[in-house]
Amino acid sequence: MAVPSSSDSWIGASVLRKEDARHLLGHGAFIADLRMPGVQDVAFVRSDMAHAQVHRVLPPPGTAGKVFTLADIGPLNILEAGPELAAHRHSPYPALADDRVRYVGQPIVACMQPTRAQAEDLADLVELELEALPAVVDAVAAMRPGSPRVFDNWPDNAYIASAVHEGDPVSLGAAPVRLRRQFRMNRQATVSLECRGVLAYWDHRNDELVVHLSTQGGHVVRIGMAQALGLPENKVRIIAPDVGGGFGGKNRIMPEDIAVAAIAMKVGHPVRWIEDRREHLLASVHARDHFYDLTVSVAKDGTLLGLEGDIYIDAGAYSLWPTGSFMEASMASRNLTGPYRIKHLGLKTFTVATNKAPMGPYRGVARPGACFAIERLVDEVARELGREPFDLRRQNIVTAAELPFRTAAGMRLDTGDYVSSLDIARDMVDLPAIRARQAQGEPDGRAIGVGFAFYTEQSGHGTVEWVKRKSRVVPGYESANARMLPDGSVIIHVGTQNFGQGHETTFAQIAAHELHISPALISIRYGDTATSPFGFGSFGSRSIVFGGGAVARSCRMLIEKIQKIGAHLLQSDVASTTIEDGAVHGPNGSVGFAEIAYAANARQEHLPAGMEPLLDATGTYEPTETGGVFAYGTHAVVVAVEPDTGVVEILDYAVSEDCGTMINPMIVDGQVQGGIAQGIGTALYEEIPYDEIGQPLATTFADYMVPCAPEIPTVRMAHIVHPAQATEYGVKGLGEGGAIAPPAAIANAVSDAFRSIGASFNETPLTPRRVSEAVDRARRATATPTPGAPA
Amino acid sequence: MTAITVELNGVKVNDDVEPRQSLADFLRDRCGLTATHLGCEHGACGACTVVVDGLATRSCLTLAVMADGRAVSTLEGLRADPLMTLLRRHFHESHALQCGFCTPGMLITARDILQRYVHPNAELVRHELSGQICRCTGYANIVKAIVAAGQDIPHEPPAPEPAPEA
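If you're matching them up, the sequences are chains P and L in order.
When you number the first sequence by the working numbering, it's gap-free, plus one each residue, and the end is 791.
When you number the second sequence by the working numbering, it's gap-free, plus one each residue, and the end is 1166.
Hints are computed from structural coordinates only; laboratory data are not their basis.
The structure presented is a predicted model; accordingly, all values stated were derived computationally and were not measured.
All C-beta atoms, glycine included, are put in the ideal place defined by N, C-alpha and C.
Keep in mind that a hint or two might mislead.
Claimed, not checked - Partial list, derived from the structure: chain P residues whose beta carbon lies under 8 Å from chain L: (1) Arg17; (2) Asp20; (3) His23; (4) Leu24; (5) Leu25; (6) Gly26; (7) Leu128; (8) Trp202; (9) Glu384; (10) Val706; (11) Ala709; (12) Ile712.
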C-alpha cells in the first residue's frame, strides 16, 4: 500500500469537478444528443402479453426494409448468459422474439423511419397474432408442483437452486428463542434519468461497426456484441458518450442493443433507438424482488445464533448477458449475516424465472434485501426480548479487535470499527432524547420512531470473488494508459466508465499525486474501445479501487522514466535527483517535465543511450486481497408516521460511514447522499407491481413514484477513516453503500413508532396503504382498547 | 404542416412543423438545441424545462405550434444571463450535479425560483423543486446551491405598498 505523504494535497482534497462545465452550459453529449447525417429511428413493437405464442407478424404492405422481425435481422448468435455452472439453466434470449414472448414489453418487431414519431406510426400498423399462455407471476408459487412453466423444457421454474450450510444449523432447533419472519422487497426499476439508447452504423473508412451506446462498460459489451453478430472484435467499436446515470441498469447487453446494431449492418445509414420512459419501466433492467422466509435462533442473553430458511429471487423471464441474476441469490445469502457473529446458517436459495422483465443489477445488488432481512430481524428479536434494538445490535456486532473477521457465509470483513460507527450514529440522532420525546407523545397525533441499520459493502473484489461467483467475465483488474505529451501535459485512458461519479476529477487527483503536477494538466478519457485499453467498466463500487489503482500504477511507470531522463539531462545520477512541482531536481539544477517530455517524444537524441522514446505506459491493477475490502456504516433515521393515513415523514437521517481513505471528500458525500435518496425510494416509494396475469401496473412516472426534493432530507454524515490494507492509498469503494441500508433503517423506524401495538413492517416500499393497513391490523390484534385513548 | 414563428434565444425562427410535434422535439431535432433533455416525455421529471414568455415551461407537454409568436429561451440562450451565470457557479461549487442529465432543467427552474422569491430558504426551494427529478444527487446540494445563489443576489428593500383603493 502506498501511503500518501503528509505534504501531498491532492489525495483527500475536495477538488471541484472537471465534468461540471459542459453540463452547466448544456453542452453535455448524451446518446440522444448525437447528430448523425442520415440517421433513422427505430420504434419497437412489444408484447402486450406476459406469456404468449407468437403465431404471426403482419407488417403493413409496402414496408419491406422498414419492418424487421428476428428472421430479417439474422442470423444472430444467442449469447449464453448466467454463471458458468451446469446447474444454471439456459434461457435463450433473442434480440427480437422468436415464436414465444415471455414478458410484457419484450421486443418483437423493429420499425425504422426517418423520425421516432414516424417509426411509432409504423409500429402501430404492425399486426400481431398472439395466443396467450398461462403466466408465471409469483416466484414462490412458481416453484410449486403444477405451476405453469416459463420454459417448456425445464423441469421446474428455477434458473438454479442452491444452498448455504455453515456451522451446525441442526443445533438451532433447541435454541431458547426462535422467531420466524417473512420479508419482501418488491420489484422496481433502476431509473437513470437518461434512459437507454443506441446508435449504430457501419463505418466504411475503418471497415467496422460503430455502436454508440449509453453503457457502463463498452469493452465487455464489445465481447458480447461481436459474439452475437458473428464479427471479429476488431470490427466492432463501442463508444459511450456522456451517460446520464446507470446504477447497474446500463451494465448488461440488452436485446434492443443487438437488434439496432444488426439492422445497421443491413442498411446503408445510421440507425438509432432512444428508449422512452415507458419502455424503461416496462422492459429495462428490473431489480430487487426478493422474498425471505427466515427463522432466527437466539440465546437467552440475546446472542444471535443462526439463520435458517428460504430466499426467493424473482429473476424475470431471461438471464441478461453476461452474468444473469444468479449473483442476487448468492450475494443475498452470503451477506445475510451482515456484521454479526452468527455461526450457523441453513439457507436454501431459489433464483426463479417468471413472466416479468429480466432482472439485472441495481445499486447495492442483493444487499439492500439482505440488509433489510437481517436488520429487521435484529429489531424483531429485540422486541421479543424486551431489549433496546440498538443494544442488541451492539452486543452482536463484530468488534474492531476481531477484525479481520470471517463471517459464517465466508466474507472476510477487513478493517474498521463497527461499534464506533454504531455509537456515532446513535449520538448523532440522540437516542435518549428520542425515547423521551416518544414518551411524551406528539401534539399532532403522529407516532415517532427511530431505526438503525448497519451495512457492509463489499468493494474492490477481484479474481477470487468473481471466480467464486462463476462469472463468465472476471473483472479482476482494471487498466490505464498514461501518456505525457511533448509539452508535459498528460492524457490518461481508463477502462472504467464515468456516469456521474466524477472519475475525470478523482483520477486526475490520483495522477497529480503520483506525477507531482496539477490536475489541470491531466485529462482523463474513457468510453471508447478504440482508444482505451481493455477494462471492465464501472459497477460494484469498483472504480476508485481498480481504476484509481491502475491510474496510480501507470503514472508510476511514467514518473520512473521521467526521472531517468531528467537525471540524464541534468548529468546527474538518478539517486541524487528528486521530483517536485513538475520538475526533476538535481545537484546541478532542475529540468521541467515539458523539456523532459519534449525530449522523450520529439527529440530522442537527448535521451540516455539505448532508452526507448515515448512517455507512454499502460498499467493494470488488482488489489493484493481479491476477496474485496469492506466499506460499512450505520444509518440512523427518525420518522414521524400518521397512523391513519400511513404517511411517513423523515425527520432526521444520519450516517456514520467508513470508506477508507477518501480521494475527494466532496464526491464521497455526494455519493452517500445520492445513494441514500435511491434507498429511500426503495424503502418508501418505488415499485413495479404486476397483476395476476402478468401486466405491469407502473409504467409511467404517474404510477411509479420517484422521490423528489421534498421527500429527501439532507443527510448528516460522519466519516470514520480506517484505510483498507489491500488497496492503493487505503481506499474502499463506496458508490453503492448509501442505497443498501435505508429500507432496513426506515422500516425499523416505522416499526419502532408502533412497537407499543406490535405492528411490523416487513415489505417495501412502505406505502401509505401498507403502513396504515399494518397499523390497523395491529390495532385490531392488540389488547382491549383503553377508554378515551385513540383506538 | 403549420408555419410558426418563434423568437428563439433572441433570434426569430420561421419553420413549418407538424401540429403534433412537441416543443422539445422542435428544439432538439429541428433547431439542434440539445441542452433541453427528455427524461420522461410526460411532464413528470422536468428535465425539458425551458422558458416560454418568461415562464418556466415543460417543453415535452408544449406543442411547437403553441410557441408560435412567443419567446422561447433554452439553456444555450442563457449563457450570458447574469442570474444563470451565478447559478452555474453555485452548482459547480456545491457539487449540485453528478451525471448532468437533469442539470439544464434544474438550472432553468432554479432561475425561475430566484426570479420569483427573494432569498428563498431551503424549505421553499425544496417545495419549488417538487416537479424536478434528479436521480444522482439526492437533491441536497441542488437545494444548497440555489439557496446560496439567492443569498448572493442583492435586493433593494421592497417598495412601499401602494395605498389600497377605497
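For each hint, the structure was consulted:
Below 8 Å, beta-carbon pairs count as interface contacts, and Arg17/P has one with chain L at about 7 Å; its hint therefore holds. Among the interface hints, the one on Asp20/P holds; its C-beta lies about 5 Å from the nearest C-beta in chain L, closer than the 8 Å criterion. Nearest Cβ of chain L to the Cβ of His23/P: about 3 Å, under the 8 Å cut. The hint holds. At a threshold of 8 Å, the smallest CB-CB gap from Leu24/P to chain L is about 4 Å, leaving the interface hint in force.
Taking 8 Å as the C-beta contact cut-off toward chain L, the hint placing Leu25/P at the interface holds, the least distance being around 7 Å. Hint on Gly26/P holds. Least Cβ distance to chain L is approximately 2 Å, under the 8 Å limit. Checking Leu128/P against chain L: minimum C-beta separation of about 24 Å lies over 8 Å; hint violated. The criterion of a C-beta within 8 Å of any C-beta in chain L is not met by Trp202/P, whose closest approach is roughly 23 Å, and the hint is violated.
Annotation: Glu384/P was flagged as interfacial toward chain L, and the flag is violated, the nearest CB pair being 35 Å apart, outside 8 Å. Residue-level restraint check for Val706/P holds (minimum Cβ-Cβ distance to chain L is 5 Å; threshold 8 Å). Below 8 Å, beta-carbon pairs count as interface contacts, and Ala709/P has one with chain L at about 4 Å; its hint therefore holds. At about 5 Å, the closest approach between the beta carbon of Ile712/P and any beta carbon in chain L falls short of 8 Å, and the interface hint on this residue holds.
In this structure, the earlier hints numbered 7, 8, 9 are contradicted, and the remaining ones agree with it.
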